[in-house]
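Please take these sequences and the hints and turn them into a complete structure.
Same order as they appear, the protein sequences are chains A and B. The first sequence maps to residues 130 to 360 in my numbering. The second sequence maps to residues 277 to 565 in my numbering.
Please note that a few of the clues may not be correct.
Said to hold, decoys possible - Here are the computed lysine to any residue pairs in the SDA-like style, where the Cα-Cα straight-line distance is at most 20 Å: (1) Lys462/B - Arg233/A; (2) Lys337/A - Gln320/A; (3) Lys462/B - Lys142/A; (4) Lys462/B - Leu195/A; (5) Lys462/B - Arg182/A; (6) Lys142/A - Gln320/A; (7) Lys142/A - Tyr305/B; (8) Lys337/A - Leu197/A; (9) Lys462/B - Arg234/A; (10) Lys462/B - Ser198/A; (11) Lys142/A - Arg201/A; (12) Lys462/B - Asp369/B; (13) Lys462/B - Arg201/A; (14) Lys462/B - Gly196/A; (15) Lys462/B - Tyr305/B; (16) Lys462/B - Gln320/A; (17) Lys462/B - Leu179/A; (18) Lys462/B - Met177/A; (19) Lys462/B - Thr180/A; (20) Lys462/B - Gly354/B; (21) Lys462/B - Asp181/A; (22) Lys462/B - Leu311/A; (23) Lys462/B - Leu434/B.
Claimed, not checked - Every beta carbon over 12 Å from chain A, so not counted as near; a handful from chain B, in silico: (24) Arg445; (25) Ala446; (26) Arg455; (27) Ala461; (28) Val510.
Stated by the list, open to error - From the derived model, a few chain B residues whose C-beta atoms are all more than 12 Å from chain A: (29) Tyr305; (30) Leu338; (31) Phe389; (32) Gly390; (33) Gly405; (34) Val413; (35) Ala426; (36) Thr442; (37) Val447; (38) Cys456; (39) Gly458; (40) Lys462.
Hints were generated in silico from the structure; no laboratory data involved. Cβ coordinates follow ideal geometry from the N, Cα and C atoms, glycine included.
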Amino acid sequence: MLEARELYSYYGKSPILQDVDFRVEEGGFLGIVGRNGVGKTTLLRTIMGLTDRARGVMSFAGADLLGLSTPRRAAAGIAYIPQGREIIPRFTVRENLIMGTFPRRDGARRIPEHIFELFPILAEFINRRGGDLSGGQQQQLAIGRALAMEPRVLLLDEPTEGIQPNIVQQLEDVMRRLNRELGLTIVLVEQNTRFIRQAADAFVLLDKGRVALRGRGDELTSEVVDRYLAI
Amino acid sequence: MESLFNEAFIGLSLASILLMVALGLAIIYGTMGVINLAHGQFVMLGAYGAWLLQTTFGLSLLVAIPVVFVVVALIGLGIERTIVHRLYRRPLDTILATWGIGIVIEQLVRAGFGSDSRYVARPAFLEDGFLFLGAYVSSYRLFIILFSLAMLAATWYLLFRTEFGTKLRAVIQNTEISRCYGISAKRVYALTFAYGAGLAAVAGALVTPLVSVTPTMGTSFVVDAFLVVIVGGVGSVLGSAASALMIGEASAWLSFLSSETTGRILILLGVIVLIRFRPQGLFPDTVRR
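Dropping the structure here:
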């Protein structure tokens, strides 16, 4: 469904990703792991078209992606939840969620009900400003905003980083449910290899902008982690 | 007493014109970070538009206002799409480029219509005035005040109650994530620039019955409008409104109490002292991020 071959991505003249290949099937769950600074975030940003330049082949649902502008990639059904959440601080929770509906092709501006079932806190704080929420609540809002477009694939960048443990558990459950019950395709960048091992079908391990290792989710064993990810 | 009231009223009408010029500047700066030095020339184009429509087609000023809004907004759109949008990552270059655009517009107008002062008649039913608390109130000045208040309200509605406004505010706060959520920043920028240009043109058309229309008339408006934006605090619509009121009133009072020139000097001094102690302006838009 989402596929890249010989993907190179650049900031200025420096290639951050080099010769990257990956593939996620419809309903799949791909984990991206690697040390800091190896290009995990850049990979997600390249999928959204946020780097200066990219070359190679990247397609989504059979259509070429590299030629599309960022807003069009969103309209194609790709929802991006960046590191640091990046909800709009001066917007209310409702405005942030409405913003999530902007890429919809049918032009509907209704916030899907199931978002409030997944995150009841968003219904409770619907008129508060995004900037006044706690980190964990902002992360729930960021995921809610992404779901509001009824996407076909979710790209998440370290969604549990810096979040209190009880919310981490909830976010992990939500990601699993979205993937298993709603069949949503997920690409997750995560330092927490335990969750990738439990939840992902497959993983890609990046090192210095290249794919160093790939395999099934449960193949991301502690030996692999020690060998490739220990500092 | 009557003359005091007179000056306050004249100040209010000055403030209203300033407000419309400053709003456009503030929105363009707040959204794209572009200091639009051609803004005064948009005011001038609006004034010439009103004059042209009146002398060639005999159209009333009231008809001219929506026409110049649309036409100058389209000119603004053209300028944004051809020149300004290429310079968004280079703020200093936009200053130079918009300054140049301003000069070109001014010279084109001079070449087309000459440097003579032109006059525009106010609508017949606003010709007179009336006495209020013993002071003379010009109907036309009252019309300017009410009209600008309506434009302020319309701008507020556009920004805070429409989908375009939501997209605009999203882009202001986080362009990249806005694009990730389907908002075309390019489109938002172009329309914002066009709207700001249109507002300036409306101000230019509105002021024609009070001042003579010349190719250089824009400069004085844009200087005052920049003062308004600086004093009000960048990015705040209500701050712009409040500081337009202050500067408009101060202009009227000081030129009444001393002379026009002394008035200008005192206002500039006041602004310099103010930004020395409050560089963020009187009503900065503060919110934790």
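Distance restraint between Lys337/A and Leu197/A, which requires alpha-carbon spacing of 20 Å or less: 27 Å, violated
Pairwise hint evaluation, Asp181/A against Lys462/B, where the allowed Cα distance is 20 Å at most: 17 Å, holds
Arg455/B non-interfacial with respect to chain A [C-beta, more than 12 Å]: At roughly 4 Å from the nearest Cβ of chain A, Arg455/B sits no farther out than 12 Å, so the non-interface label is violated.
Restraint status (C-alpha distance of Lys462/B to Asp369/B at most 20 Å): Holds, because 19 Å separates the two Cα atoms, which is no more than 20 Å.
Beyond 12 Å from each Cβ of chain A, as asserted for Val413/B: 40 Å, holds
Distance restraint between Lys142/A and Tyr305/B, which requires alpha-carbon spacing of 20 Å or less: Between Lys142/A and Tyr305/B the Cα gap is close to 31 Å, so the pair fails against 20 Å, i.e. violated.
Pair hint Lys462/B and Gln320/A, alpha-carbon separation not exceeding 20 Å: 35 Å, violated
Whether Lys462/B stays farther than 12 Å from all C-beta atoms of chain A, as the label says: 8 Å, violated
Pair hint outcome, Lys462/B versus Gly354/B [Cα-Cα no greater than 20 Å]: 13 Å, holds
Outside-interface status for Gly390/B - nearest CB in chain A farther than 12 Å: 46 Å, holds
Given hint Gln320/A paired with Lys142/A - CA-CA distance at most 20 Å: Violated, at about 28 Å.
Separation of Gly458/B from chain A, once the least beta-carbon distance is taken, above 12 Å: 3 Å, violated
The structure fails to meet hints 3, 6, 7, 8, 11, 16, 22, 24, 25, 26, 27, 36, 37, 38, 39, 40 from the earlier list, while all remaining hints are met.
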